[in-house]
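Undergrad: What follows is each chain in one-letter form.
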Amino acid sequence: MNLKLIKWYNLPVNIYPNIMYIVLIVIAIVAIYFISFFNGLKTLQVQITASIQEIGNQLKRQSNLIPNLVESVKGYMKHEKGIFDDLTSARKMIDQASGTDAKSLDKAQASINKVLKSINVIMESNPEIKASTVVADLMEELRDTADKIMYARRTLIDLSADFNIKVTTIPGIWIAPSMGFQPVKGLDTPVTGDAVTVSEEETVSPKVNLN
Amino acid sequence: MVLGLNHAQLASRKDYFDFYTVTENLAMADHLPMPKIYVIESEAMNAFATGRDPEHAVVCATTGLLEKMTRTELEGVIGHELSHVKNYDIRLMTIVSILIGTLSILINIASRSMFFGNGRRSSDDREGGGILMIIGIVMIIFAPIIAQLIQLAISRRREYFADASSVMLTRQPSGLISALKKLEADNTPQQFASTATASLYISNPFKGNKLASMFSTHPPIDDRIAALEGMM
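If you're matching them up, the sequences are chains A and B in order.
Counting from 1, one number per residue, gives the positions in the first sequence under this note's numbering.
Counting from 1, one number per residue, gives the positions in the second sequence under this note's numbering.
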């Protein structure tokens, strides 16, 4: 037999095994899709739980840290308030004494000396007045703590948005309920009331006036 | 290695409070491990990220940047750098430059075999060879330039993407916009910058250099600001 005469269409080959392979591959692809879909949602669920715990963690940090910081700043401020009170009273005495008789001037002089002495003692025990930097540090810590809680909540919001998009869009909405996934709430926010309405006054940018 | 080139020092929470805490917060929000943070003593304003993956990431800023930026602006800048970390941009740009290097080696081989490898051809193979030869020469001349431009284009796309991701993280385009405006206004030259590390910085370290900005790793800051303002 001349081999060159055999064409592909009259080769003695059974084509059914090929169809079997194709069906198997399609089933495998679908199975892989289902598994990765399920795993993706499960991962998001675990991350959402973790992010809720992170919010709790940050709140705990705040409640441990801030009162202690405030107490220590108060301590500093009390200490330095003494200095400022003494200074003010000395200044008052000068004001009252000026332009009147010599006797009250002498008296004022004596009390100013006394005040100055005590101020010197305070300054020596306390070479720098620090309350302003201490308060500035406290404000930075406060802002950082607020930021941390905000970002912890942001994580929860973003993760639950990802989860809900997967669960509520096609094809997720066809298969997610049968796998037992329901949309999650995310950050619990009232959907009515002040949080989602803007009143006329709120549209005006606030003017800051410190006088 | 980049850090060694740039004389960077590890930043502590106490000395660089805003830098440290902003990085910590944004890394938490972006599900990244806290990167190592470094500071470069320099008047110039810039920041960059490096490291092959998020576990080995490093974020570095100059002292000039840390002094002149407010916390909100710093959040924009750090968000940009963390986006480079999260999207493996450092690895991407390394791979791209390796591919471009390989290409230039191939072109080198091709050009040598073209000029010196003619001996093997038989004489009846020569018809039409002239045109092919000219096309070949043109390709050899332009391929490295085109490859370079593609690399720069990828780098610029990643910059826009990093800006966008930064805003997605902080939800405050105004912070990054004012940070970019400050960067644009700043004209201090950077002695520590080298072309090898240029694509990693937030703003192009070679300011004022005409040729460098034509083939820039970064899009013009005005365009980046316009893109961000489009998001507001």
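Think of the hints as simulated: they come from the structure by calculation, not from any bench.
Even glycine gets a Cβ: it sits at the ideal position worked out from N, Cα and C.
The reader is advised that the hints may include incorrect statements.
[Stated by the list, open to error] Within a straight-line C-alpha distance of at most 25 Å, the following computed SDA-like cross-link-like pairs (lysine to any residue) qualify:
1) Lys14(B) / Lys207(A)
2) Lys42(A) / Ser178(B)
3) Lys207(A) / Ser178(B)
4) Lys14(B) / Asn18(A)
5) Lys86(B) / Leu65(A)
6) Lys86(B) / Ile29(A)
7) Lys42(A) / Lys68(B)
8) Lys60(A) / Lys86(B)
9) Lys207(A) / Lys86(B)
10) Lys68(B) / Val208(A)
11) Lys14(B) / Leu65(A)
12) Lys68(B) / Ser165(B)
13) Lys86(B) / Ser63(A)
14) Lys86(B) / Ser104(B)
15) Lys185(A) / His79(A)
16) Lys86(B) / Glu71(A)
17) Lys166(A) / Leu65(A)
[As the list claims (entries may be wrong)] Label-pair distances were calculated between CB atoms; the ranges are:
18) Lys60(A) / Ser12(B): 33 to 43 Å
19) Lys60(A) / Met231(B): 27 to 37 Å
20) Asp53(B) / Val198(A): 21 to 31 Å
21) Asp53(B) / Met150(A): 57 to 67 Å
22) Lys14(B) / Ser199(A): 21 to 31 Å
23) Met168(B) / Ile22(A): 18 to 28 Å
24) His31(B) / His79(A): 41 to 51 Å
25) Asp137(A) / Ile145(B): 52 to 62 Å
26) Gly101(B) / Ala161(A): 56 to 66 Å
27) Glu67(B) / Thr197(A): 16 to 26 Å
28) Ser174(B) / Thr197(A): 35 to 45 Å
29) Gly82(A) / Met168(B): 46 to 56 Å
30) Ile100(B) / Pro190(A): 30 to 40 Å
31) Asn108(B) / Asp137(A): 35 to 45 Å
Undergrad: Hint by hint, say whether it matches the structure.
TA: Here is what the structure says about each hint:
1. Lys14(B) / Lys207(A): With Cα atoms ~34 Å apart, Lys14(B) and Lys207(A) exceed 25 Å; violated.
2. Lys42(A) / Ser178(B): 40 Å, violated
3. Lys207(A) / Ser178(B): Holds. Lys207(A) to Ser178(B) sits at ~21 Å (cutoff 25 Å).
4. Lys14(B) / Asn18(A): 69 Å, violated
5. Lys86(B) / Leu65(A): Violated, at about 31 Å.
6. Lys86(B) / Ile29(A): At roughly 29 Å apart (the allowed maximum being 25 Å), Ile29(A) and Lys86(B) break the hint.
7. Lys42(A) / Lys68(B): 44 Å, violated
8. Lys60(A) / Lys86(B): 28 Å, violated
9. Lys207(A) / Lys86(B): 40 Å, violated
10. Lys68(B) / Val208(A): 24 Å, holds
11. Lys14(B) / Leu65(A): 16 Å, holds
12. Lys68(B) / Ser165(B): 23 Å, holds
13. Lys86(B) / Ser63(A): 32 Å, violated
14. Lys86(B) / Ser104(B): 30 Å, violated
15. Lys185(A) / His79(A): 49 Å, violated
16. Lys86(B) / Glu71(A): 40 Å, violated
17. Lys166(A) / Leu65(A): 38 Å, violated
18. Lys60(A) / Ser12(B): 33 to 43 Å: Given about 25 Å between the Cβ atoms, the range is violated.
19. Lys60(A) / Met231(B): 27 to 37 Å: Distance hint for Lys60(A), Met231(B) holds at roughly 35 Å.
20. Asp53(B) / Val198(A): 21 to 31 Å: 44 Å, violated
21. Asp53(B) / Met150(A): 57 to 67 Å: At 27 Å between Cβs, range violated.
22. Lys14(B) / Ser199(A): 21 to 31 Å: Distance hint for Lys14(B), Ser199(A) is violated at roughly 44 Å.
23. Met168(B) / Ile22(A): 18 to 28 Å: 42 Å, violated
24. His31(B) / His79(A): 41 to 51 Å: 44 Å, holds
25. Asp137(A) / Ile145(B): 52 to 62 Å: 54 Å, holds
26. Gly101(B) / Ala161(A): 56 to 66 Å: 41 Å, violated
27. Glu67(B) / Thr197(A): 16 to 26 Å: 42 Å, violated
28. Ser174(B) / Thr197(A): 35 to 45 Å: 24 Å, violated
29. Gly82(A) / Met168(B): 46 to 56 Å: 51 Å, holds
30. Ile100(B) / Pro190(A): 30 to 40 Å: 55 Å, violated
31. Asn108(B) / Asp137(A): 35 to 45 Å: Taking Cβ atoms as reference, Asn108(B) and Asp137(A) lie about 60 Å apart, which means the hint is violated.
The structure is inconsistent with the numbered hints 1, 2, 4, 5, 6, 7, 8, 9, 13, 14, 15, 16, 17, 18, 20, 21, 22, 23, 26, 27, 28, 30 and 31, although it conforms to all the rest.
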